[in-house]
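Novice: Listed below, chain by chain, are the residues.
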Amino acid sequence: MSEISVQVDRFDAGQEYAALIADDTDGGAAVFFVGRVRARSEGRQVTGLTVEHYPGMTEQALERIVQEARQRWPLQRVRVVHRVGALALGEPIVFVGALSAHRAAAFSAAEFIMDYLKTHAPFWKKERTPEGDVWVNARDSDQQAAQRW
Amino acid sequence: MSEISVQVDRFDAGQEYAALIADDTDGGAAVFFVGRVRARSEGRQVTGLTVEHYPGMTEQALERIVQEARQRWPLQRVRVVHRVGALALGEPIVFVGALSAHRAAAFSAAEFIMDYLKTHAPFWKKERTPEGDVWVNARDSDQQAAQRW
Amino acid sequence: MITVLFFAQLRDQLGCESVSVPAQDIGTLAALRGHLVARNPHWQPHLEADSVLFAVNQTLVKAEHPVRAGDEVAFMPPVTGG
Amino acid sequence: MITVLFFAQLRDQLGCESVSVPAQDIGTLAALRGHLVARNPHWQPHLEADSVLFAVNQTLVKAEHPVRAGDEVAFMPPVTGG
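Protein chains in written order, with the numbering used here: chain S, 1 to 149; chain E, 1001 to 1149; chain A, 2001 to 2082; chain X, 3001 to 3082.
Honestly, the hints are just simulated from the structure, not real lab data. Check before you lean on any hint, since a few could be wrong.
One-sided and incomplete, this derived list gives chain E residues near chain A with beta-carbon spacing under 7 Å [claimed, not checked]:
{"no.": "1", "residue": "Y1054"}
{"no.": "2", "residue": "L1117"}
{"no.": "3", "residue": "K1125"}
{"no.": "4", "residue": "D1133"}
{"no.": "5", "residue": "V1134"}
Some chain X residues well away from chain S (every beta-carbon gap over 12 Å; in silico) [said to hold, decoys possible]:
{"no.": "6", "residue": "M3001"}
{"no.": "7", "residue": "G3027"}
{"no.": "8", "residue": "G3081"}
Pair ranges (Cβ atoms, derived) [to be verified]:
{"no.": "9", "chain 1": "A", "residue 1": "M2001", "chain 2": "S", "residue 2": "A146", "range": "40 to 48 Å"}
{"no.": "10", "chain 1": "A", "residue 1": "V2052", "chain 2": "E", "residue 2": "G1043", "range": "52 to 60 Å"}
{"no.": "11", "chain 1": "X", "residue 1": "G3015", "chain 2": "S", "residue 2": "R44", "range": "19 to 27 Å"}
{"no.": "12", "chain 1": "S", "residue 1": "R10", "chain 2": "X", "residue 2": "D3012", "range": "48 to 56 Å"}
{"no.": "13", "chain 1": "E", "residue 1": "A1146", "chain 2": "X", "residue 2": "S3018", "range": "51 to 59 Å"}
In this text, all values refer to a predicted model and were calculated from it rather than measured experimentally. Every residue, glycine too, gets a C-beta built ideally from N, C-alpha and C.
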């Protein structure tokens, strides 16, 4: 299984978890994050969203983030899945899984990957709302989160 | 679904995740931790382990930890499952899931619950090794992790 | 009576899982421990180890915590779950 | 030639998805931006916004980064994935 997938198809978080730990008995700690389409965003009612990306650069950016995480923490396995295209309410957008011998490394790696993905990977979200489509604004808190590491 | 389960039966992390997010469209960020029986522990070869607990107090301790997490972070849902009894290599020991509108809260809550569970919930692990059964030693790093919060 | 429980390796070291103790003359958990050690001197190094945790009625407490008739007291080694 | 790409709301604001620019006389990404703004003055507030990100050959770079014939350059609003 590749570490990275940028895909239109919906994924199943349980299957991603199962694949991440398959045949492994060294990774005692698995942390995974799932980002989902939520009904409210900065006070707006959201009915779905569309994810645009920069094909090619996206994969390179994610590879670079995963390699950086592997240099910082001892990880058995890593998996990053990000969807593009039209997504419905409640659907998963992104999956980040990190398998390590120790939980501190798994937690830190998963959060680091998310913080960097949020600020360094060329994805853009457009929300569908009753008032029309709205591009999501980047948040200062995401920049600050990435600068912690 | 109750927030807490102390059980002998094996659980499926994918099903736990599915139950946590079922019918929810506000929790944009889900973080899960799974602790698993690993083949090596402090240089020992491990073939399985037995988890002992203090029935009654265990559930109270976990309730208290979850309530503390809910006071600290805005969480849609929380789920903690901990197994007791005999566990085989690679099997899941513990599941902690936190669903929040924002990822920082979900990450912090899941890690906080694990750090407190490791130091405040009355579970004890005994490892099966080729040289016989060995009670697991508490680690200073777990105490330090819990004291961060 | 006070019910006293021992867990995990502490139970193995003492060779005892539980014991009932008359409540009279016992004030604090530390005094209860002293009472148990007086009856079983070889329990002393195990019960008085710095790492031992105490619970009264299923809540973690310090050694100064009072114990009363009907209480459930537990002596436990450091926990290692998760 | 240099291929220039625009993404997301920046593409919507410019009304342009990509443009090819002859490479001669262009040194840095900032110079390329100046060249584009000279041709399309109404692009100026969008391309020169502080928040705009730049990539050359699919790697994030600063405005001082050189651009050469054959490069793929991208102007992007702040990313919002995840």
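Novice: Look at each hint and say if it fits the structure.
Specialist: Right, here's what the structure says about each hint:
1. Annotation: interface hint on Y1054(E) holds; nearest CB of chain A at approximately 6 Å, less than 7 Å.
2. A cut of 7 Å between beta carbons decides the hint on L1117(E): the least distance to chain A is about 5 Å, and the hint holds.
3. A cut of 7 Å between beta carbons decides the hint on K1125(E): the least distance to chain A is about 5 Å, and the hint holds.
4. The interface hint given for D1133(E) is violated, since its Cβ lies 10 Å from the closest Cβ of chain A, which is over the 7 Å cut-off.
5. The closest approach between the C-beta of V1134(E) and any C-beta of chain A is roughly 10 Å, which is over the 7 Å cut-off, so the hint fails.
6. A cut-off of 12 Å between C-beta atoms confirms that M3001(X) is not in contact with chain S; the least separation is 18 Å.
7. Consistency note on G3027(X): stated as away from chain S, and its beta-carbon is indeed over 12 Å from all of that chain's, at 23 Å minimum.
8. Chain S draws G3081(X) into its interface by the beta-carbon criterion, the shortest separation being 3 Å against a cut-off of 12 Å.
9. For M2001(A) and A146(S), the Cβ-Cβ distance of about 60 Å falls outside the hinted range of 40 to 48 Å, so the restraint is violated.
10. Hint check: V2052(A) to G1043(E), Cβ distance near 26 Å, so the stated range 52 to 60 Å is violated.
11. About 25 Å separates the C-beta atoms of G3015(X) and R44(S), a value consistent with the hinted range of 19 to 27 Å.
12. Here the CB-CB span from R10(S) to D3012(X) is close to 27 Å, at odds with the stated 48 to 56 Å.
13. For the pair A1146(E) and S3018(X), the supplied restraint of 51 to 59 Å holds, since their beta-carbon distance comes to about 53 Å.
This entry does not satisfy hints 4, 5, 8, 9, 10 and 12, going by the numbered hints stated previously.
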